[in-house]
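So the chains spell out like this:
4 protein chains.
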Amino acid sequence: MGNTFGRLFRVTTYGESHGGGVGVVVDGCPPGLALAEADIQAELDRRRPGQSRIVSQRREADRVEILSGVSDGRTLGTPIALLVRNEDARPEAYAGFRDLYRPSHADFTYEAKYGVRAWAGGGRASARETVGRVAAAAIARKLLRERWGVEVVGWVEQVHRLRAAVDPRRVARRQVERTPVRCPDARAAARMIRLIERTREAGDSVGGVVGCVARGVPPGWGEPVFDKLEADLAKAVLSLPASKGFEIGSGFAGTVLKGSEHNDPFVVRGGRVRTTTNRSGGVQGGISNGEPIVIRVAFKPTATILQPQRTVDRRLRPAVLHARGRHDPCVLPRAVPMVEAMVALVLIDHAMRQRAQCGK
Amino acid sequence: MGNTFGRLFRVTTYGESHGGGVGVVVDGCPPGLALAEADIQAELDRRRPGQSRIVSQRREADRVEILSGVSDGRTLGTPIALLVRNEDARPEAYAGFRDLYRPSHADFTYEAKYGVRAWAGGGRASARETVGRVAAAAIARKLLRERWGVEVVGWVEQVHRLRAAVDPRRVARRQVERTPVRCPDARAAARMIRLIERTREAGDSVGGVVGCVARGVPPGWGEPVFDKLEADLAKAVLSLPASKGFEIGSGFAGTVLKGSEHNDPFVVRGGRVRTTTNRSGGVQGGISNGEPIVIRVAFKPTATILQPQRTVDRRLRPAVLHARGRHDPCVLPRAVPMVEAMVALVLIDHAMRQRAQCGK
Amino acid sequence: MGNTFGRLFRVTTYGESHGGGVGVVVDGCPPGLALAEADIQAELDRRRPGQSRIVSQRREADRVEILSGVSDGRTLGTPIALLVRNEDARPEAYAGFRDLYRPSHADFTYEAKYGVRAWAGGGRASARETVGRVAAAAIARKLLRERWGVEVVGWVEQVHRLRAAVDPRRVARRQVERTPVRCPDARAAARMIRLIERTREAGDSVGGVVGCVARGVPPGWGEPVFDKLEADLAKAVLSLPASKGFEIGSGFAGTVLKGSEHNDPFVVRGGRVRTTTNRSGGVQGGISNGEPIVIRVAFKPTATILQPQRTVDRRLRPAVLHARGRHDPCVLPRAVPMVEAMVALVLIDHAMRQRAQCGK
Amino acid sequence: MGNTFGRLFRVTTYGESHGGGVGVVVDGCPPGLALAEADIQAELDRRRPGQSRIVSQRREADRVEILSGVSDGRTLGTPIALLVRNEDARPEAYAGFRDLYRPSHADFTYEAKYGVRAWAGGGRASARETVGRVAAAAIARKLLRERWGVEVVGWVEQVHRLRAAVDPRRVARRQVERTPVRCPDARAAARMIRLIERTREAGDSVGGVVGCVARGVPPGWGEPVFDKLEADLAKAVLSLPASKGFEIGSGFAGTVLKGSEHNDPFVVRGGRVRTTTNRSGGVQGGISNGEPIVIRVAFKPTATILQPQRTVDRRLRPAVLHARGRHDPCVLPRAVPMVEAMVALVLIDHAMRQRAQCGK
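Residue numbers (this note's numbering), protein chains in the order written: chain A, 2 to 361; chain B, 2 to 361; chain C, 2 to 361; chain D, 2 to 361.
Don't take each hint at face value.
To be verified - If you want a taste of the chain D side facing chain B, the calculated C-beta under 7 Å gives, among others:
| no. | residue |
| --- | --- |
| 1 | N4 |
| 2 | A39 |
| 3 | G74 |
| 4 | R75 |
| 5 | A82 |
For the record, the hints were derived by calculation from the structure and aren't laboratory data. Cβ atoms here follow ideal geometry from the backbone N, Cα and C, with glycine treated the same way.
Okay, chain A solo, but in the shape it has when bound:
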């Protein structure tokens, strides 16, 4: 019962990896926004597998259909339902380990919780579930850009031990999209790609870190004390498959600074209050301060690997799992649009909450 996100821009996703399809209902979208399927498709295309040689080779066209909420090319203010049909589903590929609990997958926990599970392809625990999030966020991003002047840019900052140098104040999507690994540091990107290819060949997987910035957020978004902006951002990205950590601003690195080193001095620039440094990451006391909002998200190495693994089956007998097929040796490149999506969903919701209570 946790498939709705947001208080005012409310997103409810549905769908398993196998079955009729995956999708989302967006309730609360402001009326009058120009919206076509192409707006949403563009974001879905960044998320789907098969885009490049370093991600899963599954072929899913992922064509989105707008079922409701849009008329004459404009949003009506009523719920927008989006549907993406499942294709290329090969449930038989999973038949072999229908009774096994794949290590660090959700097979065991889903069954423990619900007493039943969709055994094919991970069911609701599949990353395919994020189609609905990315589709909904395409609408959120359009609103943020057109009505509030906010842009959200994510990138791959680290793969395994390889780290990129990225300036969150300036990084642009076209730099990110230049390489299939979605790392705007060209030199680091080349090494990351080689690493991912070698990892695939070894039947293994790697994790890493996605960075993301939101620029243009005005001071005042965020709802203390529980719905602080960083709290909602943390929840948003920790709800993504394979994420294990979250930082805002100085994050864990900030714990080795003294207060005198860490505080962000205020100055006036361009007639408004700014900070000379941004260790706060754009949020103070749970409310945006007008500086770029900068976060980092840790993703573990993909649980699916092609090496034999020790496990147990549903009757509690020891077993060995031999996975096959088209796995993602590294989720990071595809995680970029997912992180951006969740950041956008948080921001649009807080924009509307601020307008509701404070009228601005």
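Given the coordinates of chain A, assemble chains B, C and D onto it according to the supplied hints.
For chains B, C and D alone, coordinates are given in the frame of chain A:
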């Protein structure tokens, strides 16, 4: 409008650092729980300032009063309202910087958001706000312990660059409470205390990391896809004042492992499914797997320092802030009960959600 | 932003009368329920137009598709998405009054609210919107019946001035379905049918009252003080198109009784506490008392009539509306499954809330 | 777990008739509103017992204290906590029927639900619970009046069989307050008062109908399809103690009109779209149309009567209840501010929701 936490065990806090008091209303508490003010007072006493020489020397008795929801020593199932009166408030101590924006505090953002702020003592952004959380969580913890056999233990794992060695499978509260810094590693604790004292003398502050474990959580708690257990935990602790990062299980460190190193193999032990390692941190696919749930939370150095700082005032003029008074050179010891509180609030809510949908 | 109903059994509907389709996402459905499209189709068939000569002659097959949440014929505990494609849509039929505000329709208010509206067929304000409700409630009813032994039966109690005699303790669905007007009092039913036919011939419309009972609800459902059972029931049915009033138990008629006449005496029967009368309508203090829950819902005469009507257009000029086409001279027969649906959605939600908090 | 009302202007009430006190936390109140305890006290004084000889003679001063959320006489945007201490509590007055289930009271259902109950004075089921609602609504009404130009006026329209003639377009509070029965029709008021006095002398009770109007609501408030304005109004008033029915506009009386008689013709007056009649009651399709919003609420006769009544006790033995003390022979006069309160809480929430989504 973000002052309620939880879906079924619903906690609504209120109160500024100055004014009538701080408190909480808990709606949804199961009936029939034995509850007295002493149960709540014990947790509040761990949170309040003035407990030891390494925390703020403000003297607040923080006596809790149960206003409703309990009769003949038992919870009624109706809302439990708790009130702690404010005392020892010295608003005049803040008069000097009423018009200044204190760096890395929430003065500027509250004013940007609301157009008005409670200038004395940080208002709602004060850590005093957490009184309501800790009070509510005392009830949650009692329920978790008595009805589900779950215990939650937090500790200080790092202060500035000093790190402790703590085993989350075994650490007990009495070890944590043995030192005023709440670090169960005695040797590290001694060094942390000295560092905090030196930091206070220098008018500076330090941050660090709090670790926390929940033991005894059965498999099945957590509500994919948005209300995954780790997502709600991340939100919970990132809503605490001064927190900047969250990890579950392997966290950021897990990003430098290969999948073949990171996956937790399943085995059968004691007739049930266990994992031999716990890089998942007790949660897989957003649902508890029965292993200890282990998280880490980064806290920045306290924003209040006694050194002069560059800033601006409300009329956008440059200014220098000279803070005085009784500051906390390190929030970590007092953050331990706060982190435990938020973890307990997440867990009780998910216990009830699991019961609602899956009947167990 | 009001398209979700329920706290634990959460129903989110979408869809306009024209466009891709209408449907619903159900989040929170307990796992393990046997569920097939046929279970849902049976309820939809009772709702759809064209069933008999006394309702709208629009032909809509209203075939439901389960998109997610069911595998191997059982609910998974994940969101159940249901889709019904729109057919037989004739938007051109509405082109003539695209710029007119139809009296007592929602054309004007939707436009005032959203600044835009789906002009064809009433858009989201069309009774077609209730497809999603009835589909979701088919699942709720199955759960209520199989897991809690609760049955919900509605009937037409009044059409214009014609009143039926119905005993809520005994009325059965097969009696209700015996006549196209869904009135179990055969003599009254015959007169109602004649009245509706004469009304249609006159190009006019009539309203009336739907009664509904829920039997088998155990004592203890309902959540004071705001989510009392009667409060949620009132909201549920007042959210249906054309409804104007709600009563529980003695309702408005009870206002002319003295307390000494109105109170329901308690007695013990069959080893449990019962009342000898049921003026409370099965609810006391907002909580079910084990007696049948009995409500009545007033529906206004259909706003669409085939007589010329005075109105204004979007440019604020006087105009005359000449509606044509296939209108429902009386919504009452089709309102029966809608009222039952809303009652079932309230009850399943409260069943789950009771289990969450009180463990039973 | 149903003690919170509203989505954006969120009201959480607490408190039993006996114990520390009753009160409310308001989360989401816009900042900058001038607010003093006197603003709230004025409304509480209209609600409390002992105001006149025709209501309960309990003496409760009901002094409200603002605990938080207001500084320098202005709301801060943070939660506003209000507390009213309980006084004049005589729990011993209830000791005699501690083990009896009072007919048409909530003793039995609370115990069935929670397994425990506050036996003194009705606990949470006491009308004293409405103190929190009325206090919160005093803030809502001030906002509605000052920021949206909306006024809410309620009155007693019927007591037992006595009906008043009241014009909802013009009735003013000062007319309502002219008599202790709160009926603006002076002739009817005099007869109602006599009836209530005779009823009290007979140890009996009477019910009736409260009417209420909201004037000045702009077109566009209300959130289809579930949170239609009339749906939320119905829920709001049906959550009040002793209410049994709700009507908007033509209500049940509208069911005996033909569509040609019932539809409200549109005209243009004063440059805006109006209706010549108001059978819709100010709401069409769940959204306000700019006309006065007119509702009626049925209240049953008070359950407490001073005549002996047949009942059972907790051990399921037959018993006779002899109630004594200071009962309200008619709740209607005190129900007027309660109905107004609930209407105001619904309206402020919808005003904020409209601003959030549609920016106006």
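Now for the hints, and whether the structure bears them out:
| no. | hint | result |
| --- | --- | --- |
| 1 | N4 | holds, 5 Å |
| 2 | A39 | violated, 16 Å |
| 3 | G74 | violated, 11 Å |
| 4 | R75 | holds, 6 Å |
| 5 | A82 | holds, 4 Å |
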